[in-house]
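Kindly generate the complete structure, drawing on both the sequences and the hints.
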Amino acid sequence: MPHQDFLRRLPESDRSLRKRDRLQQRLHIDFWLLLLLLIISAGGLVVLFSASDQSMTTIKRQGIYFLIAYIAMFMVAQVPVHFMRRMAPWAYVVGVGLLIAVIFVGVGAKGAQRWLSLGGFRFQPSEFMKLAMPIAIAAYLGQRHLPPVFKHVFFTLVLVAIPVVLIIKQPDLGTSILVAASGLMVLFFAGLSWRYIFAAVAALLASLWPLWQFVLHDYQKKRVLTLLNPEADRLGAGWNIIQSKTAIGSGGVPGKGWLQGTQSHLDFLPEGHTDFIIAVLAEEFGLIGVLTLLGLYVLVVLRGLTIAIRAQESFGRLLAASLTLTFFVYVFVNVGMVSGLLPVVGVPLPLVSQGGTSIVTLMTGFGILMAIATERRKVIR
Amino acid sequence: MSEARQFKDHHREARLFFARAILAGLVIVALTALLVVRYYSLQVTHHEDYVTQSDRNRVHVLPIPPTRGLIYDRNGELLAENRASYTLSIVQERVDDLGLTLAVLGELVDISPNDIEKFNDQLRQRRRPFDAVPLRYNLTEEEIAGLAVNEFRLDGVEVHAQLVRHYTHGELFAHTIGYVGRINERELASFNEEQYQAYAGTHSIGKNGLERSYESDLLGEVGYQNVETNARGRVLRVLESGDPKPGKDLVLHLDTNLQRKAFEALEGHRGAVVAIDVKTGGVLAAVSAPSFDANLFVTGISFKDYRELNQSRDLPLFNRFLQGQYPPGSTVKPVIAMAGLHYDIVTPEYSVYDPGFYRLPNSSRLYRDWKRRGHGTKVDLKQAIAESCDTYFYDLGHNMGIDKMHAFGYQFGMGERTGVDVPNERRGIWPSRDWKRGARGQPWYPGDSLNVAIGQGDVLATPMQLGVMVATLASRGEHYKPHMVASVGGEPVAPELINQVQVEGAHWDSILEAMKEVVHGTRGTARRIGQGAEYQMAGKTGTAQVVAIAQGEEYDSEALSERNRDHALFVGFAPFDDPRIAVAVLVENAESGSGAAAPVARKVFDAWLVGEDNAQQGSD
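Top line first, the protein sequences correspond to chains A and B.
Sequence positions in the first sequence follow the working numbering and run 106 to 486.
Sequence positions in the second sequence follow the working numbering and run 1261 to 1880.
Rather than coming from a laboratory, the hints here were simulated on the basis of the structure.
C-beta atoms are modelled at their ideal positions from N, C-alpha and C, and glycine is treated no differently.
Fair warning: there could be bad hints in the mix.
[To be verified] Per label pair, the in silico range of CB-to-CB distance:
#	chain 1	residue 1	chain 2	residue 2	range
1	A	Met161	B	Asp1309	34 to 42 Å
2	A	Pro375	B	Glu1447	48 to 56 Å
3	A	Pro375	B	Pro1373	21 to 29 Å
4	A	Leu321	B	Leu1283	51 to 59 Å
5	B	Tyr1456	A	Trp314	48 to 56 Å
[To be verified] Okay, the calculated bits of chain B under chain A, using three or more residues with CB under 8 Å as the criterion:
#	segment
6	1285-1293
7	1304-1313
8	1545-1551
Right under this line is the structure:
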């Protein structure tokens, strides 16, 4: 589009704008995305301080995770996009290899075997897969003619299914859903025909019964049943949902005030500092707090989509869009499950819940987004 | 493959992607809106419900039990107090493994199987969640120290001071004051919502005696504390509180010294003593012997102790002065004689011949006098009472008839509950035609009147009734309701005059003089107790037949087993000129009213009227 290129090069209209852009370009940073992430991280620390019963230890540890995560993001942002595309098959193979390794030499906790232990350092391969999956699928489909033909769709589904099955086996339903989503999201953005999509939805609905009957573990079924009727098991599985709804509902519009939430501070709300942290936010900052946080998340997602749309190449586009949408799935599943809208699956609230792994993974993803964002302008010049 | 297909169509792909991205954006907005609707519903639409739920979660109302009112005797001596006692309790909800905790506790404190049994009983009862259930009372200092050191491994175990009722004279007042005990399941079930609130935090309730009849005064009003608790029930802070109102103190008419003297006088016997203030109806002493230690019941009596008390042949748990119904025997004769004067059946000068028996006209049946050879030719009213001549009263009873006897005796409280302020009183029997038709389905026979006239046959009375009867005689007809409590929370309880017996003054003189003759006359049946007294008294002995003696047979105490021997009775008052104290004494199976019961009364009179006690009483 020569016309557009011409407009962009107009010296008067974009000289001042270019100055910041050039800095962003050199540092491979997307200013708006960084700003939003910093606001969410800071707000997250404020909520976590309350949710952890004002534990400075927790805040310091979370701060260190953020530091590591931001450094990781910054470093990943420097990696050229075409290099990522070249490394994609290897990332996928290594990821699947690690997942297989988990089955044989993995270490577990609470009945799940999810970790690899490397000299005292614990590492969760499924986390790595959250990034490796969209990169691999984007690289695969990005080189094909789009929209993909049946053969490519089929191959993509196989690529998605292998690690997802391995993760379900661990068992880790929440992560497997997210990994699957990150891969399927690429397929969707690649222009998967609506015929396939409707067929898939129909197949999914058809497979619900066998899924329920043969695949889901008892505890997973219980979660779904609990969602439908939390009162049935008030002190058991229903407790979390009842208490988190009570926390959210009693917060009202303005909230009870920072550090004033009784549900969380009096230990009624379990896991208030991890998966259920939005209940603490909702109780203490009310609907205003919830809307603010959701607003920030939506802005992050819209910025991510903008970056994807602006990306010049299919690979970058698909990857950026997939990462962005996966991020939204995180938000939606967590915020939905805590409020009793969705079954409880172990999904943390992005950048707010306590825990280093999820933050580092997420920020690495945003690093990739920034690399894509800044790659585009290089191409233009 | 053509060129066009080998190269990617970037524009087409971009357009396609753009459409999908916009679609994704719309889906995101829609899903976000769904979340917003969800949170709006929780935080705005159902806000109030969840606020209630949240408050119910965290705010618990802890009752603060009031201290129970104290009980003093008339001289201000403390009879029932509240003592701090250290209690070991368990909050079941906070214990992971109850069996393990009990095992650990067993090493630190002495826990009997009985303690465990009572503990388990209470666990099964209806109770509030996170309520501490007591396991052991009266911990020793060493046990408290041992528990403190091991606190870290005893989650849910609590030691706290509790006020526990203590009776300073456990045995002396067991049947009057009664005792408190743990609220049992039946009582709990019978509570209405108001009572359920009033007893929140309180573990004891009056089970017997004054503790029971004045329960509502003694209890006090429960206080409360609104506390914030966490999910495990731990109290974090007090939000609001209201002080409990202590129960009202009771001051009794009873006198500890008098009570003790009466109790000691019965030593070795089963029996009862009731002493009544003639001028007010206040009960000065009420004894049932043998007795038991009321303190045993306060925190729950052990099975062994209870079995011992319950199975004892001497029935220490039985309240003889209020529930024991005995034939009053000759003690009713003054009232019968008074009725004779009142209805002009006899005059003081009227006399009968007593050959040792009485025979109804046209009947061959002999009604015996207790004295085999009789009391002589001219037995008048005074002699009949002083010597307790049965024949005189057979004659009087026959001439007067049951209707008048019944009506007159009724005015003295016979056959009716006295209404004393201690529960579970029995009414005795003061027979009438109606009563007999109702109870026996038989008409009244003339012979029945003869039995009533000497206090035998169907006549039954409690010692309390006899005390009221003699007090009414002593006060020349003022029939007061007897009461033990003189004041409640500083408010005096006014004497309650039930009835004023309307009889000519001269009749009173005759009867009371005759009663004086019983004690001070040369042939009076109780003349031995009149010796050496600093004051004059009046009275009447009685011997109540326990086993009916067949016609033609004679009473042979040796042949009868000890438990079938006659009961000894005495009623009396003193001083004669200005009666202040009326006494009724019953000694079971002691055979002779004069030999066994009258001396007890003398000791009670002495204790009340002579020496120190007199001075004390005067200063009252």
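Results of checking the hints against the structure:
no. : hint                                  : in the structure
1   : Met161(A) with Asp1309(B): 34 to 42 Å : 36 Å, holds
2   : Pro375(A) with Glu1447(B): 48 to 56 Å : 40 Å, violated
3   : Pro375(A) with Pro1373(B): 21 to 29 Å : 40 Å, violated
4   : Leu321(A) with Leu1283(B): 51 to 59 Å : 30 Å, violated
5   : Tyr1456(B) with Trp314(A): 48 to 56 Å : 51 Å, holds
6   : 1285-1293                             : holds (count 5)
7   : 1304-1313                             : holds (count 7)
8   : 1545-1551                             : violated (count 0)
Consistency note: the structure conflicts with the earlier hints numbered 2, 3, 4 and 8.
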